[in-house]
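**Student:** In case you want the letters, here they are:
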Amino acid sequence: DTAVSQTPKYLVTQMGNDKSIKCEQNLGHDTMYWYKQDSKKFLKIMFSYNNKELIINETVPNRFSPKSPDKAHLNLHINSLELGDSAVYFCASSHTRDSASFGPGTRLLVL
Amino acid sequence: AQSVTQLDSQVPVFEEAPVELRCNYSSSVSVYLFWYVQYPNQGLQLLLKYLSGSTLVKGINGFEAEFNKSQTSFHLRKPSVHISDTAEYFCAVSDSSNTGKLIFGQGTTLQVKP
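Top line first, the protein sequences correspond to chains A and B.
So in my numbering the end of the first sequence lands on 111, straight run, no missing numbers.
So in my numbering the end of the second sequence lands on 225, straight run, no missing numbers.
Since the hints were made in silico from the structure, they are not lab data.
One or more hints might be untrue.
Derived Cβ-Cβ restraints for the label pairs, each shown as a range [to be verified]:
| id | chain 1 | residue 1 | chain 2 | residue 2 | range |
| --- | --- | --- | --- | --- | --- |
| 1 | B | 177 | A | 17 | 43 to 51 Å |
| 2 | B | 171 | A | 5 | 16 to 24 Å |
| 3 | A | 17 | B | 140 | 40 to 48 Å |
Straight-line C-alpha distance at most 25 Å; calculated DSS-like pairs for lysine-lysine [claimed, not checked]:
| id | chain 1 | residue 1 | chain 2 | residue 2 |
| --- | --- | --- | --- | --- |
| 4 | A | 40 | B | 224 |
| 5 | A | 44 | B | 160 |
| 6 | A | 19 | A | 71 |
| 7 | B | 224 | A | 41 |
| 8 | B | 224 | A | 36 |
| 9 | B | 160 | A | 41 |
Note that CB positions come from ideal geometry on N, CA and C, so glycine has one too.
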């Protein structure tokens with residue numbers, strides 16, 4: 001049973017394209033997150049939703065737009081992809097301040 | 112603002128030797144602390160967490176960590192490492208805003224050699 005799943009696992013695309021990453025959790029958690037891991041493996045939060053409400057929106061370009069249709073899903077849409085968007089994007093979920101469960105990651109490469 | 116510093120970017124160690132990965136944090140309020148492990152091309156897996164109570168926390172795969180409030184540290188230890196422990200290890204603190212936001216350290220690469 002996959003706790004936090006993401007699709008796709010790999011994403012290779014051209015600059016200027018628009019792409020989406022989907023995330024689903026079956027843990028019954030009330031909070032979901034998107035984290036970005038850069039080429040130096042540094043992890044930083046991008047967004048967080050609690051019960052479908054956006055509660056964290058870090059300094060992220062407007063080209064990134066999260067959407068949470070329900071408590072179990074959190075998607076990330078990226079417009080006009082740039083070379084610097086190449087990274088690994090992790091979805092995670094938790095009961096607020098307790099430990100987060102992470103998905104396997106989506107490896108995005110922008111050419 | 113809270114921050115996490117992992118004092119070693121790489122730790123090489125021989126198999127069956129003990130290891131300590133160091134983590135210091137800064138926070139003016141009570142914190143929740145975590146250690147995660149990331150194997151190559153995989154997601155993050157929780158090793159252990161400190162929320163409250165006993166300052167010595169035991170986790171999976173034989174790892175343990177000690178919360179030291181006076182030194183603001185949360186070092187990770189294992190008495191005898193295996194080749195399979197080779198991975199990236201991340202220390203993290205939960206943001207005091209009650210949002211569940213994790214602030215990560217820079218990571219420590221543990222290289223276990225035969």
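**Student:** Against this structure, judge whether each hint is valid.
**Tutor:** Consistency of the hints with the structure:
1. At roughly 48 Å, the beta-carbon separation of residue 177/B and residue 17/A lies within the given 43 to 51 Å, and the hint holds.
2. Between residue 171/B and residue 5/A the beta carbons are some 21 Å apart, a value that agrees with the proposed interval 16 to 24 Å.
3. In this structure the hint that residue 17/A and residue 140/B lie 40 to 48 Å apart at CB holds, the actual value being about 43 Å.
4. With a CA separation close to 23 Å, the supplied pair residue 40/A and residue 224/B stays within the 25 Å bound.
5. As the CA atoms of residue 44/A and residue 160/B are separated by approximately 19 Å, the hinted pair is consistent with the 25 Å bound.
6. The straight-line distance between the Cα atoms of residue 19/A and residue 71/A is roughly 22 Å, inside the 25 Å bound, and the hint therefore holds.
7. Among the hinted pairs, residue 224/B with residue 41/A is consistent with the structure: their alpha-carbon atoms are about 22 Å apart, no more than 25 Å.
8. Annotation: proposed proximity of residue 224/B to residue 36/A is violated, straight-line Cα distance about 30 Å (limit 25 Å).
9. Between residue 160/B and residue 41/A the CA atoms are separated by roughly 21 Å; this keeps the pair inside 25 Å, and the hint holds.
Checked against the numbered hints given earlier, this structure breaks only hint 8.
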